[in-house]
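**Student:** Offset between the sequence shown (1-based) and my numbering: plus 119.
Since the hints were derived computationally from the structure, they do not count as laboratory data. Cβ coordinates follow ideal geometry from the N, Cα and C atoms, glycine included. Any given hint could turn out to be false.
Claimed, not checked - Pairwise CB distance ranges, derived in the manner of DEER restraints:
id: 1; residue 1: E145; residue 2: N225; range: 17 to 27 Å
id: 2; residue 1: T229; residue 2: S525; range: 25 to 35 Å
id: 3; residue 1: Q600; residue 2: T428; range: 27 to 37 Å
id: 4; residue 1: T505; residue 2: A379; range: 20 to 30 Å
id: 5; residue 1: Q345; residue 2: T229; range: 27 to 37 Å
id: 6; residue 1: S295; residue 2: Q345; range: 23 to 33 Å
id: 7; residue 1: A416; residue 2: Q483; range: 22 to 32 Å
id: 8; residue 1: S620; residue 2: S563; range: 47 to 57 Å
id: 9; residue 1: K195; residue 2: L315; range: 20 to 30 Å
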Amino acid sequence: MRTQLTVAAVLVGALTFASPPVAAAEPAWCKGASFDGEPDLRDLSSKDAERAVATFAHAACVPSPEASANRAEIEKSRAAWGKRLGMTDADWADVVAWVNANEGRNTRLTYSTKDLSQFTPLDHYKAIVDGFDRGGGNGAYVDPIYVADALDQGLSHVGRFAYIEACLKAETSVASSAPPAATWALCQGDIEAFDLAKFHEELRADGAHAGDGKMMLRFKAMDLKQRLDEHARRVQAAWKLDPVYKQMFDVAAAARGEWAAGLGKHTKLLELVRRMNSAWWSGSRKQYEGCEAATAAALEEAVGKLPATTWKKMKDERFDPFGGFAKTAGPVLVAVPEINLAAEAYVLCRPKTGTADFLAYNAQDTVGYRGPRTMAFSRMLTEKLTLDDLTEKIYWPETERPYRRSGGVVGSAGGVIAKTKVEGDVATVTLERFIVKRKECVQSHQTNRISRILPDGTIEYERVCDKTGIVEYDQTWGDFQIKAVYAPLLKKGVKFSAVQSPEGGPADLLVLWPNKKTEEPSWLVGAKVK
Numbered sequence: 120m121r122t123q124l125t126v127a128a129v130l131v132g133a134l135t136f137a138s139p140p141v142a143a144a145e146p147a148w149c150k151g152a153s154f155d156g157e158p159d160l161r162d163l164s165s166k167d168a169e170r171a172v173a174t175f176a177h178a179a180c181v182p183s184p185e186a187s188a189n190r191a192e193i194e195k196s197r198a199a200w201g202k203r204l205g206m207t208d209a210d211w212a213d214v215v216a217w218v219n220a221n222e223g224r225n226t227r228l229t230y231s232t233k234d235l236s237q238f239t240p241l242d243h244y245k246a247i248v249d250g251f252d253r254g255g256g257n258g259a260y261v262d263p264i265y266v267a268d269a270l271d272q273g274l275s276h277v278g279r280f281a282y283i284e285a286c287l288k289a290e291t292s293v294a295s296s297a298p299p300a301a302t303w304a305l306c307q308g309d310i311e312a313f314d315l316a317k318f319h320e321e322l323r324a325d326g327a328h329a330g331d332g333k334m335m336l337r338f339k340a341m342d343l344k345q346r347l348d349e350h351a352r353r354v355q356a357a358w359k360l361d362p363v364y365k366q367m368f369d370v371a372a373a374a375r376g377e378w379a380a381g382l383g384k385h386t387k388l389l390e391l392v393r394r395m396n397s398a399w400w401s402g403s404r405k406q407y408e409g410c411e412a413a414t415a416a417a418l419e420e421a422v423g424k425l426p427a428t429t430w431k432k433m434k435d436e437r438f439d440p441f442g443g444f445a446k447t448a449g450p451v452l453v454a455v456p457e458i459n460l461a462a463e464a465y466v467l468c469r470p471k472t473g474t475a476d477f478l479a480y481n482a483q484d485t486v487g488y489r490g491p492r493t494m495a496f497s498r499m500l501t502e503k504l505t506l507d508d509l510t511e512k513i514y515w516p517e518t519e520r521p522y523r524r525s526g527g528v529v530g531s532a533g534g535v536i537a538k539t540k541v542e543g544d545v546a547t548v549t550l551e552r553f554i555v556k557r558k559e560c561v562q563s564h565q566t567n568r569i570s571r572i573l574p575d576g577t578i579e580y581e582r583v584c585d586k587t588g589i590v591e592y593d594q595t596w597g598d599f600q601i602k603a604v605y606a607p608l609l610k611k612g613v614k615f616s617a618v619q620s621p622e623g624g625p626a627d628l629l630v631l632w633p634n635k636k637t638e639e640p641s642w643l644v645g646a647k648v649k
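All chains should be built: construct the whole structure from the sequences, respecting the hints.
**Tutor:** Right, here's the structure in full:
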């Protein structure tokens, strides 16, 4: 779509001929130009920015006699257009590239690298707008909020512009008059931080991408100020509509401050998660290399900061594996921002493990804490905001997370260890006997009184108990197959709970208690807890 803008352009009727015209050297930026025929100077006064700019370049690179005669006036107006677009004279080479790309119709941004940490400003833009190809017939991974957070450590103003654009386009249901205030609140910090001059500097300095892509973004940003002014008016109108909408902005601003003062300073953890994001989105084997130890260490550090009393009285339910420790402890774990972030890295590194499946099962129900925007989103959700209008509801942004999983409920089970035997990569754990005692009839006799007649004609007679006693039943579960790496922890008398891998095979150790009487665990998902 062409950008429409009323400008003080050269009026064709004002052009006059000088006789004879003085030939001027072709500007250096015209190199590689492929203009056809003579420029139509009527387009110099077009309200269509793209049409006008293309014509100015055409008139400079392949001037007609009329253009040559009025070169000074045309150059003056061209300079004015360049200023509007944040361009230096050398940047007009990007116009040539854009024209050569069929005036942007053939422009396609591609990533310059697989490594997120090496992304250029235009890579940032593409990541936020287009997302990442997932292959296998799956749609692209697109989530502007999450991707902006993943890039936040070095988010460029070009990338920030992409996120702001997505924010300004946000809408709610066509059947509702409620504004997308939650989305607006999340991007307010980016609107305040955006610097148009730096945006243009970053475009100019991005040597990894061709000029046609840069011109595409210059045209897109031309009317940003006007759009932001209109957006500000819509925000003010929303605040008047319901105080809750203003509260969203306050909560989001406070959450950004919380992020900056807390998780935002965890540089090492953030770099690790970015590396895992990068590996997952690009499918890079190299970026995955060695992630197991790093992600396990990050999770251990985060979980180890919580006291053992956090998990007091949480335990497995023998007759309900899906209602035990995994169910009660999981939500508590992922509600802690640092643990949630470390869990994300762990899940992306080794998604096929039982521990990762347990973490993903719980994390997928959260917005997460990937950066200041998702932190703000999470904090808004915990506020339990409610609109006054009973017929309206708050519209929350849709989310897409790389740690989403498929499959059923994750459960946990275990017991008190009697012995452990290691063979290869499997530790076979035998449990202490679990004896259930019941008071039952141990001696009885049959009477001649008919108790019932079965459908097949069989007659059953009443039995009378003569003696009761305590009967023992061995309800010990069968042996557990645990990954041998956990064998040093699986000592006699220790109580454990394990989670199964989504693909079967030996289970992962989830939690340990030093003995069967202790209510507080001593070890949890790789971390010692005290």
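**Student:** Determine which of the earlier numbered hints do not hold for this structure and return their numbers in increasing order.
**Tutor:** none
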